[in-house]
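A.B. asks: Produce the complete structure using the sequences and hints provided.
So the protein lines, in turn, are chains E, L and R. Position one of the first sequence corresponds to residue 1 (our numbering), numbered consecutively onward. Position one of the second sequence corresponds to residue 1 (our numbering), numbered consecutively onward. Position one of the third sequence corresponds to residue 1 (our numbering), numbered consecutively onward.
Keep in mind the hints are simulated off the structure, nothing from the lab. There's no promise every hint is true.
One copy or any two copies: either way a pair holds, since identical chains are not told apart in the list.
Keeping only pairs whose Cα atoms sit at most 25 Å apart, straight-line, the calculated DMTMM-like set for lysine to aspartate or glutamate is [claimed, not checked]:
1. Lys207 to Asp37
2. Lys16 to Asp173
3. Lys203 to Glu190
4. Lys16 to Glu167
5. Lys170 to Asp11
6. Lys170 to Glu152
7. Lys195 to Asp10
8. Lys170 to Glu212
9. Lys223 to Glu167
10. Lys170 to Asp206
11. Lys211 to Glu167
12. Lys16 to Glu155
13. Lys203 to Asp158
14. Lys226 to Glu194
15. Lys16 to Asp206
Here the structure is a predicted model, which is why all the values come from computation and not from measurement.
Chain by chain, the residues run as shown.
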Amino acid sequence: MYKALEQTLDDLHNDKAVRGVIFRSALDRDIYTAGNDINALFAPRTTLARYREYLVISNRFLAKLLSSPLVTVAAIKGACPAGGCVLALCCDYRIMKSGSIGLNEVALAIPVPAYWARLMSSAIGEGEAYRMCTLARQIPASRALQIGLIDEIHEDVDAQARRFMNETLKLPDVGRIATKMSFRQSLAQEMGDEKRLAKEADKSWDKLSSKETVAILTAVMAKLSKKGKRKADGKL
Amino acid sequence: MYKALEQTLDDLHNDKAVRGVIFRSALDRDIYTAGNDINALFAPRTTLARYREYLVISNRFLAKLLSSPLVTVAAIKGACPAGGCVLALCCDYRIMKSGSIGLNEVALAIPVPAYWARLMSSAIGEGEAYRMCTLARQIPASRALQIGLIDEIHEDVDAQARRFMNETLKLPDVGRIATKMSFRQSLAQEMGDEKRLAKEADKSWDKLSSKETVAILTAVMAKLSKKGKRKADGKL
Amino acid sequence: MYKALEQTLDDLHNDKAVRGVIFRSALDRDIYTAGNDINALFAPRTTLARYREYLVISNRFLAKLLSSPLVTVAAIKGACPAGGCVLALCCDYRIMKSGSIGLNEVALAIPVPAYWARLMSSAIGEGEAYRMCTLARQIPASRALQIGLIDEIHEDVDAQARRFMNETLKLPDVGRIATKMSFRQSLAQEMGDEKRLAKEADKSWDKLSSKETVAILTAVMAKLSKKGKRKADGKL
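C.D. replies: Right, dumping it as structure tokens:
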């Protein structure tokens, strides 16, 4: 999925006619994303090599999104945990309908990646981000608006995202892009650096493959599997 | 104007009897400043050498103001775009009556200078500053108070600024100044560094002299000139 | 006192059964702490060597607390100036009943230590922290909640701190601790560095032993002494 996202973003960047992109959910239910696939983080079902590839590609995509010259909008129609939340944080603007949002890794015995925590700090300040991340909080849209984690609440996020996009595209690109870069370019470069990511993967793997984390994820996946095939698969 | 501002500030710093300064508008109308003179940024009416001098002197003054040992107050009685906004951000305290405030450069195809964006981030957090700067937002005093871009709304900003000044001068200078420096000194040093500013000037000039920026500024200046001589000249 | 605090924290860290700690006041009155002992900062009653020892030990303890793997809660039942405020800022969570809180050093002609100011910036943003520190503001619990300096107001802070602790300890430690470190470890390391602290002590001593500071502290201590022995001794 992250390979496809990165390829799509590269294609949009290469198309001079494209000036903006909206990330929306095609699900019927009010879910934005269920987050990353737990299987990619569950040591017994993956390998260090596979995990490293997953971590590098996903964060390389997120870093490209963070400093994309496009106007980037997240149209969040519902639940937005972990992987969905960080994708939204890499956009310029976030519109939400309902559900809750947050980086809830800690609840599953997984550390919040350091750069994801920094992205949340950038958006809402370090104090709020510290509480949210260390306490695995997922907060409702109304609270997210209050602390600036999202920019707007709207019943029809897709229509509102298009309105915001049209309004923003009236601004000339040249100053907007340079100003965006002054905020985000150096952070995106650090975050997407492949050497750094490979090191982070090795360090995280020690924790993911620890007895404690494996035991907790095993319990979580058993619970999710009980909930039945009709519900979303275990995602983070 | 920036030369005069810098000279005045230097004089105040050399006068041991002076412990504070209030920046107010002498206009009858409710305008704080109309911002910088667009002519200084409009490539066809200036030169790289002239632009570089303008950029160095204005930011050297702003950096001195940022780390001034004086108590510095902005008494903002009305409209406070771009250059006025950054002057206010370099003060210790901002009292506003009415009008709107913001760094609106992007609307004119001009990047917000990186250090001006950082000053806004320091005041209101990076998330809010990102939206404000990339979307060229100017917000009313009531909203500015809510997000901490100003400290107070008051009908008589001059009287209130004097009250705040008198109250603050009851504090001993020694701890206040050292504490102010621990917040601002290193940022002010970077911001006012002349080598850095000369480089920034060269880089910005590429953008200011681009066809796109010149075309947009030409249109803006034509519009402003139509509005008649009675209104403020094109300022940013 | 700081030696005892550091020793206690070291003991808790060495006891594998301990996962959290609550810092509460044993006073009957609604006072959290009266802050540091002014005598430790009053040059005529101490020496540079003694002051340096005080500064190193107190900040080494605070740095250990900041990056403690334990869940750390401040149950603040009342007045929480200076030294009490920074202890609370080094905790994970702050619950307050009444009284006011702030880093009020500037009112006594003493600079707010740079790392204490940074801790406040981390908690509430640089803009708010700048105003609070340079203006020596102590704010009531209601305002502290609004700006995020505390997390909750509660009539029974001890009971509420235990509830929060029990709730938080349901989270697995492994992800929570790693996430906490990604926020706080490097700041704690800088803050607790003994070479840096010895330098800071020498620099601060110049100010503490200046005529101006000694004169102001003399006046403050005379005032406090007049208030009688029944009130708290001069503390900061």
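A.B. asks: It remains to establish, for every hint, whether it holds in the given structure.
C.D. replies: A quick look at each hint next to the structure:
| no. | hint | result |
| --- | --- | --- |
| 1 | Lys207 to Asp37 | within (17 Å within a copy, 44 Å between copies) |
| 2 | Lys16 to Asp173 | within (12 Å within a copy, 48 Å between copies) |
| 3 | Lys203 to Glu190 | both (17 Å within a copy, 23 Å between copies) |
| 4 | Lys16 to Glu167 | within (19 Å within a copy, 52 Å between copies) |
| 5 | Lys170 to Asp11 | within (23 Å within a copy, 45 Å between copies) |
| 6 | Lys170 to Glu152 | within (20 Å within a copy, 33 Å between copies) |
| 7 | Lys195 to Asp10 | within (21 Å within a copy, 36 Å between copies) |
| 8 | Lys170 to Glu212 | between (52 Å within a copy, 14 Å between copies) |
| 9 | Lys223 to Glu167 | between (45 Å within a copy, 20 Å between copies) |
| 10 | Lys170 to Asp206 | between (49 Å within a copy, 22 Å between copies) |
| 11 | Lys211 to Glu167 | between (51 Å within a copy, 23 Å between copies) |
| 12 | Lys16 to Glu155 | neither (32 Å within a copy, 50 Å between copies) |
| 13 | Lys203 to Asp158 | neither (39 Å within a copy, 38 Å between copies) |
| 14 | Lys226 to Glu194 | neither (38 Å within a copy, 54 Å between copies) |
| 15 | Lys16 to Asp206 | between (43 Å within a copy, 21 Å between copies) |
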